[in-house]
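Chain order of the listed sequences is A, B, C and D.
Start counting the first sequence at 1; every next residue gets the next number (the numbering used here).
Start counting the second sequence at 1; every next residue gets the next number (the numbering used here).
Start counting the third sequence at 1; every next residue gets the next number (the numbering used here).
Start counting the fourth sequence at 1; every next residue gets the next number (the numbering used here).
Don't read these hints as lab results, they were simulated from the structure.
Beta carbons are placed, not taken as given, at the ideal position from N, Cα and C, and that holds for glycine.
Be careful, since some hints might not be right.
[What the hints assert, rightly or not] Below, a sample of chain B positions facing chain D; criterion: calculated Cβ distance under 7 Å:
| no. | residue |
| --- | --- |
| 1 | V2 |
| 2 | L4 |
| 3 | K6 |
| 4 | K29 |
[Claimed, not checked] With a straight-line Cα cutoff of 30 Å, these simulated DSSO-like cross-link-like pairs (lysine-lysine) come out:
| no. | chain 1 | residue 1 | chain 2 | residue 2 |
| --- | --- | --- | --- | --- |
| 5 | C | K75 | C | K29 |
| 6 | D | K154 | B | K6 |
| 7 | C | K12 | A | K6 |
Number of protein chains: 4
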Amino acid sequence: MVILLKENAEAKKLQKLMEMLEAKNVSVKMTEGQHQTILGLVGDTTEIDIEQLHALDIVEDVKRIQEPYKRANRKFHPLDTVIKVGDVAIGGGNFTLIAGPCSVESSEQLCTVARGVKEAGAHLLRGGAFKPRTSPYAFQGLRGEGIKLLLEAKAETGLPIVTEIMDLSQLPLFSEVDVIQVGARNMQNFELLKELGHTKKPILLKRGLSSTLQEFVMSAEYIMSGGNPNVILCERGIRTFETATRNTLDLSAVPMLKQMTHLPVVVDPSHATGLAKLVAPMSYAAAACGADGLMIEVHNDPQHALCDGSQSLTPEAYAQVVKGVMAIRECTASIE
Amino acid sequence: MVILLKENAEAKKLQKLMEMLEAKNVSVKMTEGQHQTILGLVGDTTEIDIEQLHALDIVEDVKRIQEPYKRANRKFHPLDTVIKVGDVAIGGGNFTLIAGPCSVESSEQLCTVARGVKEAGAHLLRGGAFKPRTSPYAFQGLRGEGIKLLLEAKAETGLPIVTEIMDLSQLPLFSEVDVIQVGARNMQNFELLKELGHTKKPILLKRGLSSTLQEFVMSAEYIMSGGNPNVILCERGIRTFETATRNTLDLSAVPMLKQMTHLPVVVDPSHATGLAKLVAPMSYAAAACGADGLMIEVHNDPQHALCDGSQSLTPEAYAQVVKGVMAIRECTASIE
Amino acid sequence: MVILLKENAEAKKLQKLMEMLEAKNVSVKMTEGQHQTILGLVGDTTEIDIEQLHALDIVEDVKRIQEPYKRANRKFHPLDTVIKVGDVAIGGGNFTLIAGPCSVESSEQLCTVARGVKEAGAHLLRGGAFKPRTSPYAFQGLRGEGIKLLLEAKAETGLPIVTEIMDLSQLPLFSEVDVIQVGARNMQNFELLKELGHTKKPILLKRGLSSTLQEFVMSAEYIMSGGNPNVILCERGIRTFETATRNTLDLSAVPMLKQMTHLPVVVDPSHATGLAKLVAPMSYAAAACGADGLMIEVHNDPQHALCDGSQSLTPEAYAQVVKGVMAIRECTASIE
Amino acid sequence: MVILLKENAEAKKLQKLMEMLEAKNVSVKMTEGQHQTILGLVGDTTEIDIEQLHALDIVEDVKRIQEPYKRANRKFHPLDTVIKVGDVAIGGGNFTLIAGPCSVESSEQLCTVARGVKEAGAHLLRGGAFKPRTSPYAFQGLRGEGIKLLLEAKAETGLPIVTEIMDLSQLPLFSEVDVIQVGARNMQNFELLKELGHTKKPILLKRGLSSTLQEFVMSAEYIMSGGNPNVILCERGIRTFETATRNTLDLSAVPMLKQMTHLPVVVDPSHATGLAKLVAPMSYAAAACGADGLMIEVHNDPQHALCDGSQSLTPEAYAQVVKGVMAIRECTASIE
């Protein structure tokens, strides 16, 4: 951390600042110039509140240089984290295929899709029971009933299940769910993150629509600091000025996140683009740039889906995408 | 709503679509051209799911023309909503001053600030008990204890209090709170919004960092559709590429929201800019463009605030801002 | 400027870096920690290329602390710049009203509008002769003929004129133009900026749609470093995800720019919002937060304007806005 | 195009609007509801100015449904455009490798890099002679001398050259240049685009930092409507709130643009990310999602490059990237 002092900073206040910093066990060195004085802080600055420093009247600017996260930080944990979900391993060179309908609609729909994606090669079944919808008048999901249907589909196909939690009061319903998803709109629902930190369940954490990569990793850090190291990061598009696609898929986030952290990083091309015809090319791109997996929406009858049909693939189309993705994975493995 | 059909749309599928639409009580007129056919839908389209239409293979594009909100819509409720909080009226030509510290830190701090802002003319006291912080290592607020201190300050000064809820499990603690704030990060926490719709408490709803005005109003609609009409909208800056200010205060949102809805609209210049020295000019600007009130952070000792000190005013500086704002209000009242 | 070195930076390379920096007349102090070494640079770092430092393999990160602009910098030029255009003074406490049609369409249209805005109190007449249009099929302006009509309107009304240059080859046509406007899309047309730096004409420089305030000031610095100190900055909205308004007017840019630089700052609410009904409230807000003037589109017949009619005011509506703005100016003058 | 009328639109004004529209050879059908009337326009609406319609006081809203571009439109030109540059074919299933230094610095530097990239498999040599730099104090390029050096490098290696034009006055210097690049900041320099439309040179058009895909294609339409069909589109990252990468590479733009237009689409991962270590993964991703080529910065000594060294690869690293990219291209060819 580096602190730029105002010109003519009062000596007494500076003295007080130095003492405060040293009390936090960081060492401070001063560089004095004609018009500027810089304080360089060395040590663990994670717990220094940058905003408190900003508020001091002798301080002109503060820049953080060290990352504010520890447990998620690749620097202190160089090896990839591998998360086990039943027999499935996520991260560490594995490539995980997560697929299923946006919303769970009925037992028949879910089982048809579950069988279809399993046959295509999927490792996990996704499906929304609790659905975050912009409009209060839109279909809100089957809720508890939806989770029951997911567990039935798991029993039938053997696929572990991933489904989204929308509020921590729902947690008891998730006891048999294999992976709990935290949606983009809840990425900074800190009470929920803290509570999930006290479980041991794998958490699939989606990036918020306007979250920087650092904020994304800080939300993972919330879960990890509570004692749960099993966090899977999911890039799903950010909000920009572009309207041709629903969001802007930020694929450079994949190699950046893998450098910042040791956590697995998967990509959701369905929500990112909102367009079924972009799912295949963006899946190939995600596989090519090093993602650890893909979460794709698949529906047996996209035209009559109760939600997000325009971005869903049929099981047949999904099987094609999987073939392509696996070919690219093999190819990139041979490159490295 | 307008539906553009693909060229050579199959007659049978079109027939089915027409029937589906008419079943929803909208009337449909078709405009046929050489290469394009347009369906114009007239009637209440609020409950038609635009995404389901998008998914149909005979549909090329769908554009919504009617607003997807009803209860918040100025068209169906031309008069301003006025919300009563004790003796304070918000909206309908009143100008409401909300002020207080970012975080409640201690009884002494809170009471000092409460007395200061009351003397300066504030109508409501704000203060954070539950604090959403990006880092799990930062101060998280006094929580339940903070609410007690707020109630004490209310008892002492007579100022009604506004404080933020972060999770619906905290709701029982808010029984004596006058106005419940929903923070920017929770603007689309739909479970929380639904629950707040079942209370009668005034809700101060902050705009999400990357939320469009329509999404903002849809979140108000969630609360209102549950039966609670008492929603106050708060513009507090959006996330853009600009980094000179913490967020970008979108003041044109004020007249736009007042045209879209009948709800009161207040502005928070402290969080929007993150800089104490911008609070005065942006407060004046907010008053000049028609805001119904201001929420401003005030701290007796900004340099030692536990949170957001760099954007807080002292009570003395706040009193100056209030004077300026009231002068501008008087001036704009004379213009109209 | 602060340089963070990589752990285990090679001593020989570090030595070379230190020499290179000292050759640029900055003094360097080193802060060494267990895992980090920070170099603090003090002195004039304007001419150090931050990207070259980034490329060095012993460097982990570089942060600029000093502003990269000199001539536009308020620190080195504390007094407001006042720009004279005929009898009109811009900046330094004056409030300048610039108004006129988006496009010059005909002698009659222009003179009608010019007379109208003069009567309402405008100090300068604006009108587009060269028009930047997104579509090649849209009206491109009267070009040279438009400038002639502007000069005629100036002769008739005595109002100095402001009009946009789109390419430096057009410069000879601007010899009698009073203020040359550089449009948002040309804010980083550096060849044009350099050439305008060699004239003595006042330049009205509009902020680019995705330009940070620092980049904006750097473009002013281009003109100023060529020898022309007469730059007027114009905030006209930035591009964000919000689509309810054409752009997002960033009014906090006004006090920020006035703190960063000594140049006058005017606001264009017409292009920023794209909506005539938002022009009045945003004009009042701009005046309230310290802008030095307003540029507003006025058309005698907005419904038949060849360009941007939906954001134009009639001369009568403009006269109302001027009255309101002047009242607010008087009011804010009494506050300070 | 669809026009929503205001309630109670005056019959006479509506009559006038209908006549005006029919005069433009579009046919109009009206859909009347209780509170709304919709006009559906069918035919070629390219030359109808949407803003003029917006300004009419009987109009509430206007939505364009047909694309506003013709020559660039895939609908009217289903086959891929293939652009020939000497022996190199761009588009139509070919994959074009463009590489070279950000700035031309010296004959030796350029020839070393040119030989290196040719050996690695590059088809075209890029190098900046005229350099757009944010700061007037940064290196501005060798300008005319730089073009001479590029032509020498072409003579030596046989590689056709690509270099950026910054102003139309520089056009005479480009007579022997093979492909003229228009930079992101000039994407809407319409005077320049028009002039380039009168040449027959292939134009490599970079997407503006805040340009939508539709605006990007409209800029290509400017060049094409002047008579030059040889436009290559280049995605190079857009400006968003994310700061971990210099810009946000929008790879979903690749399949979207290829669907909207028949023009070749190449990707520049160097400028998009600003980080050398992201060039390989993002190149692989671009190849996987269907790009027609890559433009990559290569420098013999990135640490001493005069510009953008931190994003440049060495010729050796570039050769590795090319190998990977070609393997992925082969793989994706087998998928389709």
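We went through each hint and held it up to the structure:
1. V2: holds, 5 Å
2. L4: Holds, because the Cβ-Cβ distance from L4(B) to chain D comes to roughly 5 Å (cut-off 7 Å).
3. K6: With Cβ-Cβ at 12 Å, over 7 Å, it is violated.
4. K29: holds, 4 Å
5. K75(C) / K29(C): Holds: K75(C) and K29(C) sit about 24 Å apart, inside 30 Å.
6. K154(D) / K6(B): violated, 49 Å
7. K12(C) / K6(A): Violated - the C-alpha atoms of K6(A) and K12(C) are around 34 Å apart, more than 30 Å.
Comparing the model with each numbered hint stated earlier shows that hints 3, 6 and 7 do not hold.
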